[in-house]
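Since the structure of chain A is provided, determine the placement of chain B on it from the hints.
Take a look at the letters that make up each chain.
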Amino acid sequence: MSPATQGAIVLTATLIVLLCGAPVAFGLGALAIVFLLIFQGFGSLQVVAETFYAGLNDFTLVSIPMFVMMGAAIGSSPAGRDLYEALDRWLYRLPGGLVISNLGACALFAALTGSSPACCAAIGKMGIPEMRRRGYPDEIATGSICAGGTLGILIPPSITFILYGIATETSIGRLFLAGVVPGLMLTGLFMLWTLFDIWRRGFRAHAPEFRYSWKEKFQSVPKVAPFLAIIVGVMYVLYGGVATPSEAAGVGAALCVVLAVLIYRMWQPRDWWQILRDTTRESVMILTIIGAAVLFGYMLTSLYLTQTLAQAIADMHVNRWVLMALINLFLLVCGFFIPPAAIILMTSPILLPIIRAAGFDPVWFGVVMTINMEIGLIHPPVGLNIYIVKAIAPDVPLMKVIWGTIPYVLCMFLAIVILCVLPTIATWLPDHLMGAVRTK
Amino acid sequence: MDFFVRGMRRVSQLCGIVAAALIGLGVLVVCEMVFVRYALNQNTIWQTDFVTWSLVAATFVGSPYVLLTRGHVNVDVLPHYLGPRGRWWLALASIVMSLAFCLVLAALTARFWLEAWDSRWVSDTMWRARLWIPYSSMPIGLAILCLQYFADLYCLVSGREPPFGIEP
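Those protein sequences? They're chains A and B, same order as listed. The numbering used here puts the first residue of the first sequence at 1, with every later residue one more than the last. The numbering used here puts the first residue of the second sequence at 1, with every later residue one more than the last.
In isolation and in its complexed conformation, chain A is listed as follows (with noise of 0.2 Å):
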C-alpha cells in the first residue's frame, strides 16, 4: 500500500474517533497502537511503552504544570478583580474607559498565566457584571472579555508556546518573545475597535461629574503591585539566561501561591486544593495528550505519512502565501471542534517540514498558529471562552455573545494579515534579544 494510500486511511479514522466523543488522548493513542499493528506487525508494539513514556520525560514539559499553577493561584484568588478595579480607577475618564480596562486587566492577567479559559473567567466575573451595571452594551462587555481571555495564550508565558516548542524543537524562550509585541498589538486592536464602537454609539460610562480622587487611585496599586513585580520578575529570570523557562515557572508558581495566601488569606485546606486540584486537572489533561501525541507522531513518522506529506506539498509549487492561507484555514477548521492543545500537538510535527520547505521562520509562524487558534476559542461550535462567559452572564443569549465576539475575530484575522505583511513585529524581539537564527 503506498504511503498516500495509508495517510487518507490514518486520516478518515482519525477524524472518525475525534468525532466520537473519545478522549483525545485515548483516541490518539488507539489510532497509534492499531496502525502500528495493521502496518508493522506485532513487533512494532515493543517499543510503544518506552515512546509514550519518552514523551513525557522531559524537564521542559515540568514548565506546564509549573504555568497553570500560577494561573490557577491567580484565578483562584480575587485578583482579577483587583486589577481590573485598578486600572479602571486610573482610566475611567477614556470614553469606554471599563472595556478598556477589562482588555488591559486581561493582558495583564494573561502575563501572568498561559491558559486563556482562566484568563476570561477571572476577568469575566468581575468585568461582565461590571459593565453591565454601568450600561454598556451586552455585545460590548461579553464580546471583549471573550476576547480578551484569548490573549492568555499569546501573551507569554503560554501553555501554548510551550507545546509547539516542544512538539516543533523550536525554543521556547524565543517563541515567548516572539508573542510580546503581537500581543500587544491585537490587544491594542481590540481596545482600538472597542473605542470606535463606543464612539459609534455615543456612549459614555461614567457621569460627567464623576470622579476617582488621587488616593482612590493610589489605594489600589498595593494589591496589584505583588503580581507585577512576579510578571516582571518572571520575564527577567527568563530573559536574563538566570534561569530556564521550568525553574522560573517553578518559582513564579511557588510565589503566585504565597501572594494568594498572602494577600487573600487563602489558607484554608479548601482554598489549597481548589489551587492543586486545577492544576492537576489541566496539567494532566494536556501531559496525557501529550504522550499520546508523541506515540501518534512516532506511528505517522514510521509509516513516512508525515515526509510524504511534505513532500507532496512541496512537489505541488503552489505559491507559499497560498500555501499559508490553506494551512491557516484548515487550523482555523480544526479550531472549530477541537481544543488547542491538542491541533498543537497532533499538526505541528506535520506541518513543520511544509513551513520550512517553503521558506517561513518557524517561530513566526507559531505566532501565526496561535493566533489561529485563538480564533477557535471564540468561535462556535467549540469556542471554550464564549460558554465561559455565557455561564458568567446566563441572561445574555448565545447569539449576542457570539454576534459580539465577531468584530474581535475580525480584528485577529487583521492581526494575521499583518503578522504575513511584516514578519518581523514577530521576530524583531527575539532576534534583538537572543540573537538572529537563520532559517532555511
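Any given hint might turn out to be false.
Said to hold, decoys possible - What follows is a set of in silico ranges between Cβ atoms, one per label pair, in the way DEER data are often shown: (1) V221(A) <-> L114(B): 55 to 65 Å; (2) L114(B) <-> P226(A): 42 to 52 Å; (3) G7(B) <-> P394(A): 28 to 38 Å; (4) D395(A) <-> R10(B): 35 to 45 Å; (5) W89(B) <-> E50(A): 27 to 37 Å; (6) P380(A) <-> S119(B): 48 to 58 Å.
What the hints assert, rightly or not - Far from chain B, some chain A residues (derived; all Cβ distances over 12 Å): (7) D82; (8) F218; (9) R277; (10) L429.
These are computed hints drawn from the structure, not numbers from a lab. Each residue gets a CB set at the ideal place from its N, CA and C atoms; glycine is no exception.
Here is chain B on its own, set in the frame of chain A:
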C-alpha cells in the same frame, strides 16, 4: 457492583490527591533546585530527575481522577447533536475503544517495568536512580484507569449515568 463503582470513585479520588501532592512536591523541589544552583552556586544532582519523574507519575496516577471528573478533553460536537439512542451507542464505542487502548498500554508498560526491574536499569544521570521506581507509575496508574473505565462502562450500560454526562 454498586460497591465496585463506589470503591472506584474513592480510589480515583485518592489518585487525584496523590497526583496533586506530586505536582506540589515538584514545585517545591524546583524552588529548592533554583536556590541551590543560583543562590548557593552548587551543583544539583537528583532534582531534575526527581521533578520530571514526579510529573510523569502525576500524569499516570492522576489520569483516573481526571477521567472521573470528565477532565480529559474530547470533541463533543456529535454527542451534542445526536439523539439519546445514537449518543448512547457513541458513548459505548468511545468507552470500549479507550478501555481497549488503556488495557494494551497497561500490559505493555507492565512489561517495560518488568524489564527495568529484571535488568536493574539505572538512570544515565549523576543520580544513577533505579528506573523501575519511576516506571512503576505507568502500570499502576493505567491499571486503575482501566478499572475506572470498567466502572464507567457499568454505569453507562446499567443506565446510572447518562452518555457523556449529557442529560436527555
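If you check each hint against the structure, which ones fail? Of the numbered hints, just 9 does not hold.
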